[in-house]
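Asker: Below, each chain spelled out in residue letters.
2 protein chains.
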Amino acid sequence: MSQFTQILLKQRPDGKPFGAHMFDVVKKDLPEISADQVLIKQTHMSLDPAMIGWMSPDTNSYIPRVELGEVMRSSGFGEVVASNNPNFAVGDKVMGMMGWTEYFVSNGKGINKVQAGVNAEMALAVFALPGLTATQGLFNVGKPKAGETLVVTGAAGSVGSLVGQLAKADGLRVIGVVGSDEKVDWIVNGLGFDGAINYKTDDLEAKLAELTPDGVDVFFENTGGPIQQHIYNRMNIHGRIVVCGMIADYKVGEPSPGPNWINLIKKRVTVQGFAMPDHYGEVPALLAKLTPYVMQGKIKFRTHELAGLESAMEGLNLFFTGEHKGKLLVKL
Amino acid sequence: MSQFTQILLKQRPDGKPFGAHMFDVVKKDLPEISADQVLIKQTHMSLDPAMIGWMSPDTNSYIPRVELGEVMRSSGFGEVVASNNPNFAVGDKVMGMMGWTEYFVSNGKGINKVQAGVNAEMALAVFALPGLTATQGLFNVGKPKAGETLVVTGAAGSVGSLVGQLAKADGLRVIGVVGSDEKVDWIVNGLGFDGAINYKTDDLEAKLAELTPDGVDVFFENTGGPIQQHIYNRMNIHGRIVVCGMIADYKVGEPSPGPNWINLIKKRVTVQGFAMPDHYGEVPALLAKLTPYVMQGKIKFRTHELAGLESAMEGLNLFFTGEHKGKLLVKL
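Chains V and Y, in that order, are what the protein sequence lines are. All the letters of the first sequence, read from the start, carry residue numbers 288 to 619 under my numbering. All the letters of the second sequence, read from the start, carry residue numbers 288 to 619 under my numbering.
A couple of the hints might just be wrong.
The list cannot tell twin chains apart, which means a pair is met if one copy fits it or any two copies do.
Quick list of in silico lysine to aspartate or glutamate cross-link-like pairs, DMTMM-like style, CA-CA up to 25 Å [to be verified]:
(1) Lys494 to Glu541
(2) Lys553 to Glu354
(3) Lys380 to Glu601
(4) Lys314 to Glu357
(5) Lys430 to Asp565
(6) Lys494 to Asp345
(7) Lys553 to Asp565
(8) Lys455 to Glu408
(9) Lys430 to Glu569
(10) Lys553 to Asp345
(11) Lys432 to Glu569
(12) Lys553 to Glu569
(13) Lys553 to Glu541
In case anyone wonders, no lab produced these hints; they're calculated from the structure.
When you get a sec, could you build the whole thing from the sequences and use the hints?
Answerer: Below, the structure is given as structure tokens:
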């Protein structure tokens, strides 16, 4: 094989469904690697909601946007197939921000070897952005205490499903908000959540009241949408709201309004937005916090795999429809 | 004088202007004090926006509501006129929650002697709820740093005027939002703010952009209202929003919506509501923090005095019209 495929960003999101019209699919010659470089064959790419932000025209975000004509940014898992770098050997399994490309050349910076026994799915679904985000947001922002009640939106998603399981392992009552009965079943019977709300079909206010009889102490927000106000209304005194994602509002021109702030005074509630790029220096500490939960078998996950590099282009729409079941991956 | 006047709450706020229809003005016989008691002649009562909350039907607030038939709650300043309590002597100047009453009987609990040299106006305008609130909210929630920009709403109000002066003394750029040109003049030329916005007449977005060229790091919110969204839009990365009051929304049936939370993620902003009853244990530390600013002459204030106990009933409306100029007091 002397050629491989890359996908470049051609057009920014315009409110319409994502797809091939926004990208250039290009063939490139497989490069020779120079001193200190490694050549990686990517086997699995991660699709994450954060990518929507990276593609947006906004230059004021927490991580530089992807410029038009650049390889679309993503994290991935792969195998070293050639190495002039003493830190990497052919056959090493590695992770890093490789982008939408079948092969990736690196000087080793930002590429990390994966521990033996961790496969691509676990690496990308747990030990990458989802797990780091869940750990930082839940423990360092949400400050959960045993006996408290946590409500997480996007609860079957890559971050939400981990947040709920971590909180459950620490003795909280955990309620998840999802968008299908299949996901209700998965988070309750598969992951052990104490309850679930289907935001598309349930009476939100009544169901929340039933499932959170003692109110809500930690609200982990991944989605936005109309249920936000209902959860907000049930916040307890000194409650914490962790704002991690607002997928319901990413594509709309005029974002929907949020809750009035009077309740923040009455209940002395803190609402805090966070994003992982602020915390890359804390990754070792976050992994040290997360790993024991995984080792003790307290973290389950499932993946939703798309096939082939080009499937990523339309795959991004799944974040808006919520039709995927599990961490979204592209298998190359 | 063997009789004195008290005012009892008869009816909760109903969205109409405050006034005599909500209260019972009653005459009482001056009591004999028993062992350990003191009799205080109140000379000045403080009117504070928090009183609106104390009168509301809401039982879920941070301080118990005033029940119908009870003396309306307020803090005040007075003089001991009789004492069976070894800690107080006739002639002592004292502060405390005495309520809407000309005379107050106490066992001494919750009544504090006022330092020599501090008159009633300074006691109630600086060393009572306004100064404690400003100190707690600015320093412990807002965490200001020299060189940052702070915007405070209700900037000519009892709390806002102190917040701005404290921040200015610590080297911040301070912009105040007020509701009249007279107040613009007072906070800029009287208090030394770097700029002011008249929310009733200025082009809010343009004026804010002009006055905060480097964005906003600390937003101290006392009022709510349409300017909230504009200040929110200018928050810098890692900005802090201190939610202290929302006077614009206290009387409306349906509070106006707040800002969408996407910006909290993009800028990693924290929005925190607080209320002083959580911090009564910290009052000595707060006073220790505040006092040096006062001693160094960095804190100016002005009072707006109403005359006579019964003037309090309609005086509360001034919080909504903003027509008062300075800390609202009732002189008895």
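Asker: Look at each hint and say if it fits the structure.
Answerer: Here is how each hint holds up against the structure:
1. Taking CA atoms no more than 25 Å apart as the test, Lys494 paired with Glu541 passes between copies only; the shortest distance there is 23 Å, against 29 Å inside one copy.
2. Within a single copy, Lys553 and Glu354 get their C-alpha atoms only as close as 44 Å, which misses the 25 Å cut-off; across copies the closest is 18 Å, which meets it.
3. In this homomeric assembly, Lys380 and Glu601 never come within 25 Å of each other (Cα to Cα): the closest approach is 27 Å inside a single copy and 75 Å across copies.
4. Taking the closest pair of Cα atoms, Lys314 and Glu357 come within 25 Å of each other only inside a single copy of the chain (14 Å); across copies the shortest separation is 81 Å, beyond that limit.
5. For a Cα distance limit of 25 Å, the shortest separation of Lys430 from Asp565 qualifies both inside one copy, at 18 Å, and across copies, at 19 Å.
6. Proximity of Lys494 to Asp345 under the C-alpha cut-off of 25 Å is restricted to the inter-copy arrangement: shortest distance 23 Å between copies versus 37 Å within a copy.
7. In this assembly of identical chains, the alpha carbons of Lys553 and Asp565 lie at most 25 Å apart only when taken from different copies (11 Å versus 30 Å within one copy).
8. For the identical chains of this complex, Lys455 and Glu408 are intra-copy neighbours only, at 23 Å inside a copy versus 53 Å across copies, given an alpha-carbon limit of 25 Å.
9. For a Cα distance limit of 25 Å, the shortest separation of Lys430 from Glu569 qualifies both inside one copy, at 17 Å, and across copies, at 22 Å.
10. Taking CA atoms no more than 25 Å apart as the test, Lys553 paired with Asp345 passes between copies only; the shortest distance there is 10 Å, against 35 Å inside one copy.
11. For the identical chains of this complex, Lys432 and Glu569 are neighbours both inside a copy (22 Å) and across copies (24 Å), given an alpha-carbon limit of 25 Å.
12. In this assembly of identical chains, Lys553 and Glu569 lie within 25 Å of each other by CA distance solely across copies; the values are 19 Å between and 34 Å within a copy.
13. In the homo-oligomer, the alpha carbons of Lys553 and Glu541 lie at most 25 Å apart only across protomers (16 Å), although the nearest pairing inside one protomer, at 29 Å, exceeds that limit.
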